[in-house]
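Colleague: Given chain Y, work out where chain H should sit, using these hints.
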Amino acid sequence: MRKHFVVPGLVLAALIFSPPLRSQTTKPRSPDPTEPGLDGWGRPITPLPKDHKSAPAPRHDISGIWDAGDTSGIQPLGAGAFPDDGKPEHQPPYTPLGLEMLKLTKPSNGTRSVLPGDNNDPVFTFGDPQGFPREDLYELRSTQVLQRPENVVILYQFAKVWRVIWTDGRELPKDPEPRWYGYSVGKWVDDYTLVVETIGTDERTWLDRAGRPHSADLRVEERFHRADHDHLELSVTIDDPKMYTKPWVALDKFVMDLQPSSFDVREMIWSPSEYNEYNKLMGNTATDKESH
Amino acid sequence: MRNKLAALFCAVAGLLVVSAPVFAHHGYAAYDTDKQVALKGTVTRFVWSNPHCMVQMDVSDESGHVAHWIAETENPSAMIRVGWTDKSLKPGDQITLTALPVKSGAPVGRIIEITLANGQKLPGRINPANQVKPDDSPKP
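So the sequence lines, in the order shown, correspond to chains Y and H.
Everything in the first sequence is counted per the working numbering, starting at 1 for the first residue and increasing by one.
Everything in the second sequence is counted per the working numbering, starting at 1001 for the first residue and increasing by one.
Derived by calculation from the structure, the hints in this document are not laboratory data.
Only pairs whose alpha carbons sit at most 20 Å apart, straight line, appear in this in silico EDC-like list of lysine to aspartate or glutamate: (1) Lys-1090(H) with Glu-277(Y); (2) Lys-1087(H) with Glu-274(Y); (3) Lys-174(Y) with Asp-202(Y); (4) Lys-1103(H) with Asp-118(Y); (5) Lys-1090(H) with Glu-274(Y).
Just a few of them, taken from the derived set where beta-carbon distance is under 8 Å, the chain Y residues facing chain H: (6) Leu-38; (7) Ser-113; (8) Leu-115; (9) Pro-116; (10) Arg-141; (11) Arg-266; (12) Met-268; (13) Trp-270; (14) Glu-274; (15) Tyr-278; (16) Met-282.
For each residue, glycine too, the CB sits at the ideal point set by N, CA and C.
For reference, chain Y alone in the conformation it holds in the complex:
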């Protein structure tokens, strides 16, 4: 069933070897010294001072607690470098099949947004996991990276889920059973850049909040580049020749700031009971005058 997509053809396959499409570059930014807030234990978050000068990045090390600050990790209109804002340059390079699949998704944000009752976002309507790569492309909140000799483990704040990226030299599996978060392997390409390849993601998930589709053939590349001691840049490239005519860079050098090791990541879980309560109170009343 998961293999029901039709390969569009050799022409598209050839296109994947052309350079990835980049829409806009996320410029590295300075930490916002005015940013308020509390960590998960209610302790004040102390932002880096404005004139802070970071030490050089350590070699082969992206461990730590990383936070994009305020709402910048949240990508409500879809992938950060390709928001669904109506600008032609932010349209991913859909194949005809990709466009067809896009029409089936009914997001609650962006230019194709629908009323709450018509929304079919699997995260909101069924309580499905965000899955990967949506974990990078929608609710990218405080992110803790643990590093061991054989793997890198990423703990995500949203839904309190984790991923394991194997760095022990193994190959990606052939024809794997699909998983919500796929199968990931990573390799250091220089002293400060870990490149992660992921396949085997479940095609029921959306790429992002805007409902961009993917097939079981999706291949995602993440580049974790430690620019200096206090800053980590993440780029995410989508490569899915069934849905897109060429690879596209969905997140481009997205900057996250290192937090103190004492920083407690706040719990953020959309439990079914809380979501039902929300839908009961807000979902229907927003669209139905008589129901409230």
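Modeller: For chain H alone, kept in the frame of chain Y given last:
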């Protein structure tokens, strides 16, 4: 009809309806992003939870009629960064709330700002950068 509606709002709740280009961040297809409502009333329930925090409040008019409003903002993780906590509001609090109203006319809104009785303001986190109307784009 519009005048009637505005008059009704004013009469019922000291409600202010103004045209202003304000914007919502999340699930705003139901909201009229070109309008604001201002409500004065009493908090009946504060829901501090995901996916969005919600405030329920009673708004009385001069004749004693009570309208039961509900308004949402973002999730606790986002709100705690702008000064909200799980104890920011409690039943019985007197507040003034400005919100984007829903298009349907139901007493439902998206919080722009809450002012507490002591003057403290709680921002609702509406980000213009994230506002896109459904009919803005060329459909792919």
